[in-house]
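S.K.: Going down the list, the sequences are from chains P and A.
Those letters in the first sequence? Residues 1 to 331, per the working numbering, in order.
Those letters in the second sequence? Residues 1 to 331, per the working numbering, in order.
No lab work stands behind these hints: they were computed from the structure.
Remember, it's a predicted structure, so these values are computed and weren't measured experimentally.
Where a beta carbon is used, it is the ideal one built from N, C-alpha and C, also for glycine.
This list has only true hints and no planted wrong ones.
Now the stretches of chain P that chain A is said to cover, found in silico as 3 or more residues with beta-carbon under 8 Å:
1. 50-60
2. 85-93
3. 139-150
4. 154-168
Below are the DSS-like pairs computed for lysine-lysine, each with C-alpha atoms no more than 30 Å apart in a straight line:
5. 103(P) <-> 281(P)
6. 67(A) <-> 174(P)
7. 162(P) <-> 163(A)
8. 162(A) <-> 328(P)
9. 103(P) <-> 95(A)
10. 289(A) <-> 246(A)
11. 143(A) <-> 162(P)
12. 103(A) <-> 73(A)
13. 163(P) <-> 163(A)
14. 246(P) <-> 67(A)
15. 74(A) <-> 95(P)
16. 73(A) <-> 96(P)
17. 163(A) <-> 324(P)
18. 74(A) <-> 281(P)
19. 70(P) <-> 281(A)
20. 229(P) <-> 302(P)
21. 163(A) <-> 121(P)
22. 74(P) <-> 281(A)
23. 240(A) <-> 67(P)
24. 103(P) <-> 73(A)
25. 281(P) <-> 324(P)
26. 96(P) <-> 96(A)
27. 95(P) <-> 73(A)
28. 174(A) <-> 125(P)
29. 96(A) <-> 95(P)
30. 143(P) <-> 121(A)
31. 95(A) <-> 2(A)
32. 67(A) <-> 281(P)
33. 162(A) <-> 125(P)
34. 143(P) <-> 159(A)
35. 121(P) <-> 143(A)
36. 174(P) <-> 159(A)
37. 2(A) <-> 67(A)
38. 70(P) <-> 40(P)
39. 246(A) <-> 70(P)
40. 135(A) <-> 162(P)
Protein chains: 2
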Amino acid sequence: MKIIDEMQKEDIDTLLILNFNNIDYLAGFRPSASSILIVKDEPVLFTNQMDMEDALLNSKIPVEELKSLKELKKSLNGTIGLESSMNIQTFENLKKDVSLETKITDIVERMRSIKTNEELKNIEKALEIAEEAFKSTEFDNNKTENEIAAEIEYNMRLKGAKKASFDTIVASGKRSSLPHADVSSNTLQRPIVIDWGALYNNYCSDTTRTIIQTERHEEIFDIVLEAQKSAIAAIKPGVKACEVDKAARDVITEYGYGESFIHSTGHSVGLEIHENPSLSKRDETTIEKGMVITVEPGIYLKDDFGVRIEDMIHVTNKGRVLNKLNAKINI
Amino acid sequence: MKIIDEMQKEDIDTLLILNFNNIDYLAGFRPSASSILIVKDEPVLFTNQMDMEDALLNSKIPVEELKSLKELKKSLNGTIGLESSMNIQTFENLKKDVSLETKITDIVERMRSIKTNEELKNIEKALEIAEEAFKSTEFDNNKTENEIAAEIEYNMRLKGAKKASFDTIVASGKRSSLPHADVSSNTLQRPIVIDWGALYNNYCSDTTRTIIQTERHEEIFDIVLEAQKSAIAAIKPGVKACEVDKAARDVITEYGYGESFIHSTGHSVGLEIHENPSLSKRDETTIEKGMVITVEPGIYLKDDFGVRIEDMIHVTNKGRVLNKLNAKINI
Numbered sequence: 001m002k003i004i005d006e007m008q009k010e011d012i013d014t015l016l017i018l019n020f021n022n023i024d025y026l027a028g029f030r031p032s033a034s035s036i037l038i039v040k041d042e043p044v045l046f047t048n049q050m051d052m053e054d055a056l057l058n059s060k061i062p063v064e065e066l067k068s069l070k071e072l073k074k075s076l077n078g079t080i081g082l083e084s085s086m087n088i089q090t091f092e093n094l095k096k097d098v099s100l101e102t103k104i105t106d107i108v109e110r111m112r113s114i115k116t117n118e119e120l121k122n123i124e125k126a127l128e129i130a131e132e133a134f135k136s137t138e139f140d141n142n143k144t145e146n147e148i149a150a151e152i153e154y155n156m157r158l159k160g161a162k163k164a165s166f167d168t169i170v171a172s173g174k175r176s177s178l179p180h181a182d183v184s185s186n187t188l189q190r191p192i193v194i195d196w197g198a199l200y201n202n203y204c205s206d207t208t209r210t211i212i213q214t215e216r217h218e219e220i221f222d223i224v225l226e227a228q229k230s231a232i233a234a235i236k237p238g239v240k241a242c243e244v245d246k247a248a249r250d251v252i253t254e255y256g257y258g259e260s261f262i263h264s265t266g267h268s269v270g271l272e273i274h275e276n277p278s279l280s281k282r283d284e285t286t287i288e289k290g291m292v293i294t295v296e297p298g299i300y301l302k303d304d305f306g307v308r309i310e311d312m313i314h315v316t317n318k319g320r321v322l323n324k325l326n327a328k329i330n331i
Numbered sequence: 001m002k003i004i005d006e007m008q009k010e011d012i013d014t015l016l017i018l019n020f021n022n023i024d025y026l027a028g029f030r031p032s033a034s035s036i037l038i039v040k041d042e043p044v045l046f047t048n049q050m051d052m053e054d055a056l057l058n059s060k061i062p063v064e065e066l067k068s069l070k071e072l073k074k075s076l077n078g079t080i081g082l083e084s085s086m087n088i089q090t091f092e093n094l095k096k097d098v099s100l101e102t103k104i105t106d107i108v109e110r111m112r113s114i115k116t117n118e119e120l121k122n123i124e125k126a127l128e129i130a131e132e133a134f135k136s137t138e139f140d141n142n143k144t145e146n147e148i149a150a151e152i153e154y155n156m157r158l159k160g161a162k163k164a165s166f167d168t169i170v171a172s173g174k175r176s177s178l179p180h181a182d183v184s185s186n187t188l189q190r191p192i193v194i195d196w197g198a199l200y201n202n203y204c205s206d207t208t209r210t211i212i213q214t215e216r217h218e219e220i221f222d223i224v225l226e227a228q229k230s231a232i233a234a235i236k237p238g239v240k241a242c243e244v245d246k247a248a249r250d251v252i253t254e255y256g257y258g259e260s261f262i263h264s265t266g267h268s269v270g271l272e273i274h275e276n277p278s279l280s281k282r283d284e285t286t287i288e289k290g291m292v293i294t295v296e297p298g299i300y301l302k303d304d305f306g307v308r309i310e311d312m313i314h315v316t317n318k319g320r321v322l323n324k325l326n327a328k329i330n331i
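Hey, can you work out the whole structure from these sequences and the hints?
M.R.: Now the structure itself:
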């Protein structure tokens, strides 16, 4: 198993995995309540009674019943690798009454950053569902932002999504200048920023489109699009994540809107909507083949309007755009 | 401020709050990315640039920009209270290069267990939306479980919910015997277990109804209902959470189905769908006025069918049922 090799490289003898996404990744089974995957020579998934039937059916890793942490602690030895997401209460319970040498590791998260073909297919399917749902949605001016979001999410479910991969953003008119606006009960104004995604087989898609109206909107739109293309062109194995961010940021700065691009250029996507690496000023991670990353520059003009364009990129020899929906929406 | 009193009781000089629900509870503003609320004599909310506008508008606590943890650490002194949900990576960063005396505390979670009138109103509104959405949904036999779930969620949004408060469960026929089943693409069979809730102003509702068909279904339904009524009757200030669980469990056990009631009787609800105390065998928390708790016994007959009935209870001098929807659904 690849994970055993990675553990040896980091001198970890036993790896404790509690994060549902990491368990899902390794076991192919997603717990609904506390479970612990212990990876030594022979990995074992300890799960609770309620999940047992499902786990026995779907887990690729042998399953036993999780009785108590106390019991499990007896089987731990050597250097114990812990996930950074473990909470300090669990950590305290773990260390109680025993002497354990522990080490925080992101082995599983790093493995997850390179998508397998099966994972890629799930992401592509999630994206296809999201784009089809968008196309089935009528952006009628009498509808509210909330109604549009509700429709997109309903359409995604009917097309096979388990749910939205995150809270759908429909921010129109002045509200489009708020990058993290969710929805309001305002009727649609222009521009409309729609940021949405589907969850399929627990994998996420993430896309943003901005529907514009005026020439001024278009002027800003074209700068954002140029920045996005520049970042996508910069993606290839071997470059650093921060260099891709810079490619987008430089374009926007050149046009004088650097101060209005107030977030990072993108982030990896998979079982979680935000994974590492991110395309930010400070992330020095080397881009590798098999990563799936969003590229989503934006310009936010306070009290006026905002534009963001986001596509999903699969890293091959270059940055391959997974989206099929045009950046410019004609409606 | 009540929280300062609570801190004094626990000998905590400085309380660090990172959990979004706890920040929301105390500041009335919900961050979208890392924020830190530091409670000393003068509480201050440190938030990031993207949330700044929203925070300045909505936070009841003075807001400053969050620059780095390193910077903030300088202002910490005495015994530092930490939330149990803090992850070990943040904990490690916090302790790096400085000597801090820390202590895990659930002060805020305990405050949250007693709902204010404003919180209760939000919960009641969330429940009203969820029940109205349920009533607007047609349980047509040609529909799939997924379609029903999608419809309920769509209806909840149109009626004012931000979203579903958790993944809607629609489990019909044999699948009703799985307490944590979500949805499938099966067309509806009988019985149908529907477990759903709305999120309104960040507050959750949580209800379950089982639509039955045969006499055998009804026999089991009546036992579950009797167990639920027994638990609700047991709720009053001063009893222990585990005693309420026992009230439901005893009824089911008496009828010979004790082994088929494989989860706890209920849980508190508020900003999160599962809060403490829970109505479980092991929870010795004393029930207090102002708590809001679900009561949801169930009987699960493997490979056959299952029944669960769940209502939300507000603790006054007794257990006041907040639901208006009948337990028995005639359709």
